[in-house]
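Number of protein chains: 2
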Amino acid sequence: MQTTTLSQDIVTGLEAITGAQFIFLDIQTRTHYGHDETEDYNFPPSVVVKPGTPQEIAEIMKLANQHSIPVVPIGARTGLSGGALSIYGGIGLSMERFTKIEIDEKNLQAILEPAVITQVFREAAAEKGLFYPPDPSSQGSCTIGGNVAENSGGARAVKYGVTKDYVLNLEVVLPNGEIIWTGANTLKNSTGYNLTQLMVGSEGTLGIITKIVMKLLPKNSHNVLMLIPFFKAGQACEAVAEIFRAGIVPSALEFMERDAIDWGLKYLDAVNLDIKDEVQAHLLVEVDGNYPDVLFAEAEKIMGVVERFEVDEILFADTEEQKNALWKLRRTVAEAVKSNSVYKEEDTVVPRYELPTLLEGIKIIGKKYGFQSVCYGHAGDGNLHVNIIKGDMTDDNWKNEVPKGIREIFELTVSLKGTLSGEHGIGYVQKNYMDIAFSNTHLQLMKGIKQLFDPNNILNPGKILPDNL
Amino acid sequence: MQTTTLSQDIVTGLEAITGAQFIFLDIQTRTHYGHDETEDYNFPPSVVVKPGTPQEIAEIMKLANQHSIPVVPIGARTGLSGGALSIYGGIGLSMERFTKIEIDEKNLQAILEPAVITQVFREAAAEKGLFYPPDPSSQGSCTIGGNVAENSGGARAVKYGVTKDYVLNLEVVLPNGEIIWTGANTLKNSTGYNLTQLMVGSEGTLGIITKIVMKLLPKNSHNVLMLIPFFKAGQACEAVAEIFRAGIVPSALEFMERDAIDWGLKYLDAVNLDIKDEVQAHLLVEVDGNYPDVLFAEAEKIMGVVERFEVDEILFADTEEQKNALWKLRRTVAEAVKSNSVYKEEDTVVPRYELPTLLEGIKIIGKKYGFQSVCYGHAGDGNLHVNIIKGDMTDDNWKNEVPKGIREIFELTVSLKGTLSGEHGIGYVQKNYMDIAFSNTHLQLMKGIKQLFDPNNILNPGKILPDNL
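Respectively, the protein sequence lines represent chains A and B.
Going by our numbering, 861 is the number at position 245 of the first sequence; the sequence numbering is gapless.
Going by our numbering, 785 is the number at position 169 of the second sequence; the sequence numbering is gapless.
To be clear, the hints were calculated from the coordinates, so they are not data collected in a lab.
Some clues are possibly wrong.
Note that identical chains are pooled: a pair holds if it fits in a single copy or bridges any two copies.
Once the Cα atoms are required to be at most 25 angstroms apart in a straight line, the calculated SDA-like pairs of lysine to any residue come out as [unchecked claim]:
{"hint": "1", "residue 1": "K960", "residue 2": "G756"}
{"hint": "2", "residue 1": "K678", "residue 2": "G1064"}
{"hint": "3", "residue 1": "K831", "residue 2": "G905"}
{"hint": "4", "residue 1": "K917", "residue 2": "E743"}
{"hint": "5", "residue 1": "K917", "residue 2": "E854"}
{"hint": "6", "residue 1": "K983", "residue 2": "D893"}
{"hint": "7", "residue 1": "K1063", "residue 2": "N1073"}
Just so it is clear, the structure is predicted and the values come from calculations on it, not from any experiment.
Can you make the complete structure from the sequences, with help from the hints?
Right under this line is the structure:
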């Protein structure tokens, strides 16, 4: 597939659909929509289009099909796997005008348009006494549509599940321009093949999501947050599984290597923490619920578990301010690393008990290929982010050696019954590692699904599936 | 498609795969495997085969593909939509030899073979201090494989979700005889299209499940169960939504019409309940957790909510024995109705606030077409079972009028943003109502998925998709 150039006819056709004011051909706009948060890639679309209704999108898809023009749905461009990059040019379909929120208090549901910012939605639900748990670290800027497309997780997934666990029904514009609802607005559904869940995590390759029906929960009123310093990183990982075995399901259970917390502290002036030199890792643990006494009892149980390991003094966040500071520290790690060096971020996930083995393996692989890594993430669900730092590595090694190391990390992950991505998606940057997780038969089934939905391969081409399939 | 007759060659081929002792051609065995719990259908397979390994199933699928012989996976035959009926004869593939359970305490997971009885699994998990919540009413006899195939729910789904919410990974023999794992043993996964969730609820039409990796939770130690009699059935339905709006997520919230409870009481000698004539419906409400004080506080909150409606005295089940009796009463309704009359059971599901509208509509439709219905089910998730009773209706009306009424019930369900089946599946008996829930485009996508996985249409043909598609 080659980069697309657009004829004047097509531009005229697009203008007729959305109005000329929503069509952008200038290089500034196209460059702006040509990147997300994935390394330093920029693939400008040939044209940026900002439709306002599903019907307009349907017309755009019909036009694109006629002329075999790639169409890439674009959300807030906070993605970490390059899912929204217009790698073959074509139409960059910005969803930014789809911002409606409707909270259905009677059914504990919400109907959302895809460009609603995740945090805006969470706050709108909270105002009605309701709770939408998924909270990706980028919640302040990412959108619900992107969360659905990538099946985003976040810190609360360990207790409350990921985006997919809240999606009940989707309105989708199919690549051929037809519009369907994938399911029903119900908590239970055994009615035909589950196209809703097929669409979730499909990274904008099977259809364009225009409405999302989400399940909501009643809001919790209390939580307890503690930061536990471990003298041995492996023991921090071991403690994770032990906390669950003690009968506790924390609402967050985050792991940060020493390096991760140091980078974060350097980056954030406002947060002060005095950490002993010998501390190798931290667990950030939260329990939530409606009954403070219960939460204190659970916090004590957790202390009982972790004190069997070599830990320093546990810090309890007493105020909202302290809690926010600790969360900010955790959420800022990726940004802090990024601000300091060229890097690649992998999103490994394993059964949680395998975390120490994964962490140890990553360090050994790093030594072998000469790279440093900063590891942190959602240890409660075995989801470890691995930031590989270029530092003073040569360009040649960065280009040729690091991918071999990444391949070995993924091979290790899969051998531990884990997989390539827990919550960031495969997108553009991980697609050529897919053979590690899946047999050819399996990949051919995925390709068949793509062909069924999108026979002309115009919707977000060149994502998820490996190039040589 | 016509009913299949098998040549001696094929029988010899099957014998070579499994050994002759696992091949059954006698009419008694075939008839035994020809029915499930769906009305009074019996469609004997041409041969019953009891394979012992995924590899044997793979060989059977290759043979069946060569000769275009239908293959129907058969579990415990407790299904209510005819999913396991060999409607075109062929090979009835009984999975009964797949009974291994492996509990992975370190990761809070289980690896199960499909013929494990659901209750046996739940008890095995409980012995290790772990909890597998889904509990279909048939849990004492249904199997996990069937639960996955139908995406079964049960009473605890309201708080804990349905089968799909626990399935992490599946080993599947594809119709072409290849064996894949659909995903990874992880709580988070954003790695390609979600074939795991495509397989869940596919009713044995896309592949044969041979291993299931399930998520487990830590076990709860306490619960409180109460039976609330309502003088108005509509108010019982209204109270359901109000309980959630009060911030409570009960672990079960079951609805029984007066008739349902009367039929149950008649059927069960052991349970005694004195119910006033004026009582129209009951809610059976359970809360669970680890802290009895919290549960009593929640039970009080629930009482506060329901006492705003016209209710009789609330019965608290004080002992395990009383709890079991109430659950037995609830679980036995379908059987009680069945023992008394020819019947059809529908498995409607709507957003929970729409329950009163659905219930009222069903009664009006019943009057219009001359049938009586007994309604009960999982009101907490809007899942209402509708048992339509033949009673003294003429055969002609039963055959011609009732399907029109069922169509109207489903039309009402869909208009309320619900759908045809919450937890029983579509199978054989509901397939020709699928046009009510889905557009032709949508159904063609489902058909395309079926063709992709099973190009020769040999795996459980004639299920889910309408005949005229």
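Results of checking the hints against the structure:
Taking identical chains as interchangeable, the C-alpha atoms of K960 and G756 lie at most 25 angstroms apart only when both belong to the same chain, with a minimum of 22 angstroms there against 51 angstroms between chains. When the C-alpha separation of K678 and G1064 is checked against a cutoff of 25 angstroms, the pair qualifies both within a copy, at 21 angstroms, and between copies, at 21 angstroms. Taking CA atoms no more than 25 angstroms apart as the test, K831 paired with G905 passes in both settings, with 19 angstroms inside one copy and 22 angstroms between copies. In this assembly of identical chains, K917 and E743 lie within 25 angstroms of each other by CA distance solely across copies; the values are 21 angstroms between and 32 angstroms within a copy.
Proximity of K917 to E854 under the C-alpha cut-off of 25 angstroms is restricted to the intra-copy arrangement: shortest distance 16 angstroms within a copy versus 39 angstroms between copies. Taking CA atoms no more than 25 angstroms apart as the test, K983 paired with D893 passes inside one copy only; the shortest distance there is 22 angstroms, against 78 angstroms between copies. Taking the shortest alpha-carbon separations for K1063 and N1073, both the intra-copy value of 10 angstroms and the inter-copy value of 20 angstroms come in at or below 25 angstroms.
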